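Residue numbers (this note's numbering), protein chains in the order written: chain W, 1 to 1149; chain S, 1 to 455.
Don't take each hint at face value.
In the EDC-like style, the derived pairs of lysine to aspartate or glutamate whose C-alpha atoms are separated by at most 20 Å in a straight line are [claimed, not checked]:
#1 Lys700(W) / Asp684(W)
#2 Lys20(S) / Asp628(W)
#3 Lys20(S) / Asp714(W)
Rather than coming from a laboratory, the hints here were simulated on the basis of the structure.
Treat the numbers as computed from the prediction; the structure is a model and nothing was measured.
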Amino acid sequence: MGSKRLAVYLLLLACFQQSMSVYCQSTPSITLSERDTPLEKILIVLRDQYGYTFVGDASWTQVAKNVTIYVKNANIREVLDICFKDQPLLYKLKDNRITILSIGQTPPFVRGRLINEKREPVAGVSISIKGSGSSSAISNDNGEFSFRITHPDVDLVITSVNYVDMELPLSGPKDTVIQLKEKISELVDVSVVANNGYQEIPKDRATGSFVQVSNALINRRVSTNILDRLDGVTSSLIFNKNIVSGTNQSAITIRGRSTIAGNPDPLVVVDNFPYNGDINNINPNDVESITVLKDAAAASIWGAFSGNGVIVITTKKGKYNQAPKVSFTTSLTLGRKPDLYYQPILSSGDYIDVEDSLFKWGFYGNPQFASPSTVWSPVIETLMAQKEGLLSAGEAQARINVFRTQDTRQDLARYFYRSSANQQYALNLSGGSAKNKYYFSAGYDKNLANLVRDGYSRVTLNGNNTYSLVPQKLELSTGLFFTASTTQNNNSGSINAVYPYLKLADAQGNALSVPYQLRQSYVDTVGGRQLLDWNYRPLDELRNADNKTTLTDYRINIGIRYAIWKGLEANAYYQYGHGFSNLQNFQSQKTWYTRDQINEYTQVDSTGKLSYPVPMGGILDKRGTSYDANNVRLQLNYTRLLGRDSSHSLNAIAGAELRDVEQQVVTSRLYGYDQNRQNGLPVDYTISYPQYSSPGVSAKIDYTDWNHNLVTSDRYLSYYFNASYSYLQRYTVSASARRDESNLFGVNANQRGVPLWSAGAAWEISKENFYGLGWLPFLKFRVTDGYNGNVDRSVSAYTTASFFGSNPYGAIAASINNPPNPSLRWERINIFNVGVDFAGREHRVEGSLEYYIKTGKDLIGQSPLDPTTGSPVFTGNTANMRANGADINLRTKNIKGLFQWNTFFLFSFVRDKVTSYGQKAGSVYNYLNTGAINPLAGRPLYSVYALKWMGLDTQGNPQGLLNGHVSKDYSSIYTSSDFSNLLYKGPANPPMFGSLRNEFYRKQWGLSFNIVYKFGYYFRRSSIDYSDLFGEVSPGHRDYERRWQHPGDEQYTYVPSMVYPKNPTRDNFYSNSEPLIEKGDHVRLQDIQLSYDLQKKSFPRLPVQSVRLYLYANNIGILWKANHQGIDPDNISDIPNPRTLAMGIKLDL
Amino acid sequence: MLLSGMGMLFSCGKSSFLDKKTNSDLIIPTTLSDFQALLDNSILMGVTPALGELSADNYYLDYGFWQTLDAKQHNAYTWAPDIYNGQGKVDDWDLPYQQVFYANVVLEGLPKVSVDSSNRQDWNALKGAALFIRAYAFYNVAQVFAPVYDPASAATDLGIPLRLSTDINAVSFRATLKDTYGQIEKDLQGAESLLPADVPSTNRNRPSKPAALAMLARMYLSMRAYEQAGKCADSCLQIYSRLIDYNSLSTTTILPFTRLNDETLYQSSFITATNLVLKGVVVPNCVVDSVLYGSYASEDLRKQIFYRLNVDGYPNTIGSYNNSIYPFSGLATDEVYLTRAECRARAGDKEGALADLNTLLKTRWVTGNFTSFTAATPEEARDTILLERRKELAFRGLRWTDLRRLNKEGQNITLTRNLNGQLYHLAPNSPLYVLPIPPDVIAFSGMPQNPRPQQ
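From just these sequences and the hints, can you work out the full model?
This is how it looks when you write it as structure tokens:
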């Protein structure tokens, strides 16, 4: 509460302190409408009506041509430029005085030549006159340019992608040589100032490996989430797809995997400190740049948090001495409906054929013996009715024929899905005086998801201020970030029924019931009219759902910098973060879940009177998650150039920081909840009640899963040091050390810490005198080595136990989580990195090449123990991993000049494997099960295995190999401990990936498209599983159509025959066999961006400083893929992300 | 100033700053209530190995069903010398040793809790319970994986590993059979002296003094130390001797007993997760032995209260003293009566033996239809009692131990299985009465395997 008030106060303080003196120049607006009028006459109008005087030598009136001009509210420059455009005259404007010069005195052309710092000519650069869009030129291959001018006292404006923009006064009639300064920083990551969250490291001092993602690149994509904008444009960073829960996979991996059971996610740092909130809270429009730290030298400053790489996000700040700038951005992203027909399920006709066969085989038994929970599909209900004589054969067939024509997906697409529409608005204001700089922003996002009644809205507010209290000496900065969001989660996108021919609504749109949990004939007749309606109607479920999460999150930053003495500076930072998210799921009495709970617990006494242990009314579930994060950092910086010629450069930081993150999760449930009363009713959790639909089963009203309070606390104390020394800007060495201590392991204080270090060296060989490769003017070698760390929060050095509710006798019970492990250590990851950075002439080709070896040591893994110890599995520092890889980053300028074409190529290669792991599972099936991690030494952590396939036999049965012989003993094959049966097909994650991005520019137009690719990995696709089909676990698979049906088919198909009774081990064998393994390799056209930029510099009539209009199309499509099954390898089981088209506008006022 | 202030913050509060507990759901067990919660983990504590009952002769399996079973159950049914096919993680071994580990955590933690008059009773009860649980687990393992107790060879026969501390680094080795039973006896005697005399009214998963005595009686009986078994059974019944009149039970429900019934001294069931056979009516293919089923008289209520005919007309077991379809394997007074009766008969006290038997069986018969059992000699009384023991305690995990002990004294019982016409036999005193130790245990510890006959 107190902190909230403080936050508001800071924001107000920040607002009121601004001296927003908006600078405004007043010039008269001129309106003229003249056709073929003498110039003199126009000048007289200007004099008489607008107060301009004019002078000139006598002869000018004789050579002046007539002028045609139509302008409205133009300024004087625009008017004069038009008037003098084709005249053999020039004009000069000073205050209100126009001087007319004849051509004899000054040539009407400007000529010049552009050179770079190496005195080489620079081609393709645009030169124009300030404040005029009419006169401009592009330098030719010799760097020369010339263009006509209308007046001599002008400033030339030189703008270029590759060189620092310049403005310079025209220095007279003689040819001008202009030397341009290269700007490398925004273009290639090898040349930037990297922010690692503690300091900014300039390119020439860097030994480590990092990627800088510039603001332009961040803004190329349109998305709500900031991290999404790294996808496909960041070297060695991959977004993992097809994540299986329970396998500890991360959404993002940087340079391969380096932990097994520990935290797999990269550290996300926002404005100096690790970010604890939801990453969705960060508005991408507030982000200035992102730096990804990859190797030990870059990341080890983050010590025990850096094992998976670090993503450093820096938000926008104002600048000193800058006029206020207002910028507004908005975009609208429209997405298509997802393609529900992507999933290859059985057609309604085939499904009904299967049901019909099962019915004939007696699979469904006799109706009189079926229990209420024996759910039958509408087709089976019809067949049963026919069997019981309630329907004639003709009636039954007619009904079933109707089902054959229906497809559940039609109604799903109509009622459950829609086109998505995401709106984004962002407004920001920044600027600064000599003593103060500021940045304020407000953002609003509103997303309507593809799922009807699902959506997301977000408001972000951001204000930061920096005060120069004592110039060059003491600086104070404050920042406040606030986010509020609401997520609607009312639609699961599915209906809990596999039958492919259901209708969800009648012609009037009324919801229809579908079979679920209880048989329809039971639901129709049960309890007379005494129970609540027990029908399950998916469409009503969607309409009545009320499940939303509201979130608020804020961060407060305070920082002080104090320059102590000659390059020594002290910094202190404090950040407080607080977030609270509240999930509220109200299931009213209209929802099936609540009706079912009330009905199942309904008790009938001997007199037939009903009582309701679960009371009438709704059920309200709440889940509140909050965190409080306090971070304090004290740091000394030392930057000094030494030696007589400043040839020695020393840069060091040292500091200490405290981190305390407390998280709380509170869940609660209220029964009999009434929205008007806002209150629930008491229930008795202690009694077991017979269930209405199955009186033999008793159950207590659910309590423990819904009422819980969990508090976790993570505390860290860290000390760090980082220094680099450069000589002649050629040789650089760097070193860092860090020690982290934590409350995590619950061990003695002296065992809590882990020291981690790194060292590196760089050599810019192209600066050496002996360096002679003229075609490669920049060449730098780097090498680093060191340790990063990682944390596994689930282990402890002591015997730990956890309570798990009550036992059947009503007493609190606990179970032991792990035996004592006094030798528990932190995970350490050694990274050795070598790199070379290079740039060719004129930066036509430039880039970097890196190779690394990552070795994970003391990784937390499970190893088996003698079960006699009482803990069959031991979790401790037992595993090791190793990865090696290479990153290639290339940028070429294919065409320079008026039309520009640049290409960006990224290639990452990474091969990781587990080198030792304590526990080897006994049977091959452990490695086929994809729902759990089962590392095998020598293989990647995530591998695809398959069982050897020996074809179908003449009866359509699949055959495998057991002890060297062809076998149909599926159970033995599956549980065999003979690992020669287990084929390793390859890694499940791509070892090779990257992107190819092409950018084209012509004048105001920009076009770019990004092609991403992934190679060298495998996946297991699904196929027909008859047991799941019969058991109504799945709606089957189209491979059914290709199944073995007649002897001889085994020569053409590998899809086994359908057998009855079901044989799950046979299905299991086939599902895990070789023919279903596919290569994941593919190339995808990810996105296209088209933009149109207008600058006031070039278009003076523009009412704003600049306008950018853009179109952005995403998820465009796969260009090539290795599999022929129509499967998008990024979406093996899910529906692929639909294409989206965004249109947007950015205004700088 | 700011710097020095923060510097102080860093240095002063450091150790307390890092002492903060990481997770409110996690505990490092140190208090009496923590220890009680560990012992109240009835999911783990209330289970006993099923391999003995699986190997015994109370049931037979349908051939088709037998084929679908996993290696352990499949092979144990036919008394194969190796039953695991190389697969470790055998619950029948692992779970009792997890119980031992929990008990050791409590036994090592208790001395660190200061004791005064306010908590002495609870402290004693917890120590007694931990000792009881450890002994119970050791005993159950020994019935399956150690040879039958023979005083002549016990000092050299290999028993089971006796894990008496939580140190997971200590290598497991097999103690002698004498030491094994010595430890069980010592733990149970310790438990008996510490546990409260009252059988808990609600927490029937917690042991009591009568339960410890009943367990001692069961142990001595398995060792054929009949005098001591009789004494302990008597001591138990002196404190607690209630019986259920089966006429008061429903003969229609499949769960006729409540979990807190009058006869139960200590609740326990066979392991469930890897036990696919002993699941009562859920597995109609596990059929009660027809001789056993046929041996119940028509007025004997047990025929209806223990069993139910399935759709094919074959008998299956139904819910037992644990109010569950999984068979009950804990301690109950009916067993204690039968133990005292047998020991009295063996001691020559025919009348005393018959009195116990009739007291018990009177409650099993339809009221008014019971005729007291008689016998001419103590030996005849003993044989009657042994027959009634089998009928009363079927599917309680006791038959396997009884077969081992009775064959040891010359009863010469050969077990036979018939699978699709193929017959399997288990000869009296066969080494196959001692089941193989799981392969992962052998691999880790290097302990000697039980002798296996050549196949």
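For each hint, the structure was consulted:
no., hint, in the structure
1, Lys700(W) / Asp684(W), "holds, 8 Å"
2, Lys20(S) / Asp628(W), "holds, 15 Å"
3, Lys20(S) / Asp714(W), "holds, 8 Å"
Of the numbered hints listed earlier, not one is contradicted by the structure.
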